[in-house]
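Generate coordinates for the entire structure from the input sequences, incorporating the hints supplied.
Read off the chains here:
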Amino acid sequence: MADRTLGAPPPDSALSQALKQWLFSFQEFWLLTAQAFRNIAATPFYAADTFLQMDSIGVGSLPIVVLTGFFTGAVMALQLSATLTEYGQIDRLGQLVSLSLVLELGPVLSALMIGARNASGMASELGSMVVTEQIDAMRALGTDPVKKLVTPRLIATIVMTFFLTLIADMCGIVGGWVYAVMGIHMNGALYWFSAFRILDASSMIQGLIKPLIFGGIIATVGCYYGMKARGGTQGVGRATTQAVVLASLLIIISDFLLSRLLVGILGT
Amino acid sequence: MPSAGGAATPPGDIVVRLEHVVLSFGGNPVLDDVSLQVHRGETKVLLGESGAGKSVLMKLVLGLLRPDRGRVWVFDQEVSGMKEQALYDLRRKIGMTFQESALFDSLSVRDNVAYRLEEDGVLTPEAMDERVRTCLSFVNLDGVMDKMPAELSGGMRHRVSIARALATSPEIMLFDSPTGGLDPETATTIMDLIIKLRDCNHVTALLATHRLQDGYLLATHAWDDATQTARWAAEGARHTSFLLLRQGRAIFDGSAAELRRDPDPYVREFLS
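One line per chain: the protein sequences are A and B, in this order.
Under this note's numbering, think of the first position of the first sequence as 1, with each following residue one higher.
Under this note's numbering, think of the first position of the second sequence as 269, with each following residue one higher.
For the record, the hints were derived by calculation from the structure and aren't laboratory data.
Where is the CB? At the ideal position from N, CA and C, for every residue including glycine.
Some clues are possibly wrong.
Label pairs and their calculated CB-CB ranges [what the hints assert, rightly or not]: (1) B:GLU317 / A:GLU104: 57 to 65 Å; (2) B:PRO531 / A:PHE37: 53 to 61 Å; (3) A:ALA14 / B:GLY411: 54 to 62 Å; (4) A:THR43 / B:GLN345: 17 to 25 Å; (5) A:PHE37 / B:ASP344: 33 to 41 Å; (6) A:LEU62 / B:LEU375: 48 to 56 Å; (7) A:SER16 / B:ASP344: 40 to 48 Å; (8) B:LYS351 / A:PHE24: 16 to 24 Å.
Straight-line distance between alpha carbons at most 27 Å, and here's what the computed DSSO-like set of lysine-lysine pairs gives [said to hold, decoys possible]: (9) B:LYS351 / A:LYS148; (10) A:LYS20 / B:LYS415; (11) B:LYS415 / A:LYS228; (12) A:LYS20 / A:LYS228; (13) B:LYS351 / A:LYS228; (14) A:LYS20 / B:LYS361.
Covered stretches of chain B, going by a simulated chain A footprint (3 or more residues, C-beta under 8 Å) [as the list claims (entries may be wrong)]: (15) 327-341; (16) 365-375; (17) 379-388.
This is how it looks when you write it as structure tokens:
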């Protein structure tokens, strides 16, 4: 009370402090993101680091993306075939599988798998570097850590998420075809005809824009939590968990927003 | 041997200056109204217990942290007011070794030491290898170029860290607890290297330590080229001064002799 009469500011409530902290983190995240994107056109460009990350993120994530895509397509064919047969529409199985995969399941499930593997990897790798003062050492040696560590990961994740999603889509359609032919003895040619006939430019564009955005989300969230990790190994563990949770949430939320936007622009 | 970076400028001028620096973390004061000056060729020993603010002070000099109040000057440039991008150029003239060495654990010893040379991209790979060999030889580490940091002992990592900092012949060296956690023999080897660097290369240095014996070793020993060892020499000739920090406040700044005579109870207790 005495402080108040002297004109001292009132102490922050817990809610006010939490809000300030959240706003500060939000600002930090966007500053890091903006800096990482700005560095794409800046010199020096770390091409070798970028290719190394492409190998680690792209080739490293290939098995899980192939398996996820294949079995998602197969299980869709399995679940849809009974209903379609009941309505006499089994010849549309291919188009349902391909459209669902290209528009939604391929980009989202691939991004979730890539995010789980790589956002956690980035957060733990960069977080370990922070807590062992390697990032400070890098700055002390005259290197911008955002340019050296974050930008290559951002480029690599965006590019590789795009190609991995294409592969996942293809594997999913193949998975559906395998079940259609082997599980319900459907004519394979009919499945492929139906699967490709439905894919027009609008659905292809929608399906190919999403992985670019999702790749950006995975890299920026993973790197952000890594770069702000504090408090030793426990802090690195916490940063890793938070990175995976937030990246997954943002992928799901942005999928809805993007779908709404792209449907508005491109039509259904 | 790495060449002396500061030879081109006349001796005696101030290369590092802190003016009334204040810094807090989360409301807790870490440095409180600290001022200091380091002259060219001088070694300033920052003494104090753990948590006194020594490492933070080093990071302020390098611009890795910014003060809440006060100013930090290095080579007549106000570090505390510089943008990060401008700081990268300035940092190329300063070498720093960290408390835990901070070697890049995914790079070999060769790549760690050559890191800044690779970034500069001026030297050929052969010239770079030669430079790395010279720096490693200066810290008495031959034959470890292809090893990874995880394969080295603590003392070896500290020495690689010194070699990495020396690769581009910095004009200022910052040593953050270079002997922390090391056995006495390895600690003496590291201190000998710092004396050698001071006396042979005339590098300006700040050395943070809580070990008083490290500071006295610097103040009382000189590098003997003939025997390639650090030997006792007349005090006062070694361009070494001391700054004692207590809970973020500088409570003593002067020579070894003045430190021994200081009547302040905390100084007496620290020395005992």
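Distance restraint hint 16 to 24 Å, applied to the beta-carbon atoms of B:LYS351 and A:PHE24: holds, 20 Å
B:LYS351 paired with A:LYS228 [C-alpha distance capped at 27 Å]: holds, 20 Å
Hint check for B:ASP344 and A:SER16 - Cβ pair distance inside 40 to 48 Å: holds, 43 Å
C-beta pair B:PRO531, A:PHE37: status relative to the range 53 to 61 Å that was hinted: Cβ of B:PRO531 to Cβ of A:PHE37: about 59 Å, so the range 53 to 61 Å holds.
Given pair status - B:LYS361, A:LYS20, alpha carbons within 27 Å: violated, 38 Å
Coverage claim, chain A over the region 365-375 of chain B, checked by counting residues with Cβ within 8 Å (three needed): Held - the region 365-375 of chain B has 7 residues with a Cβ nearer than 8 Å to chain A, which meets the minimum of three.
C-beta pair A:LEU62, B:LEU375: status relative to the range 48 to 56 Å that was hinted: violated, 26 Å
Hint check for B:GLN345 and A:THR43 - Cβ pair distance inside 17 to 25 Å: Given about 23 Å between the Cβ atoms, the range holds.
Distance restraint between B:LYS415 and A:LYS228, which requires alpha-carbon spacing of 27 Å or less: Violated, because 30 Å separates the two Cα atoms, which is more than 27 Å.
Coverage criterion applied to the region 327-341 of chain B (partner chain A; beta-carbon cut 8 Å; 3 residues): holds (count 3)
Beta-carbon spacing of B:GLU317 to A:GLU104 - inside the hinted bounds 57 to 65 Å or not: holds, 60 Å
CB-CB spacing for B:ASP344 and A:PHE37 relative to the 33 to 41 Å hint: holds, 35 Å
In this structure, the hints that do not hold are numbers 6, 10, 11, 14, in rising order.
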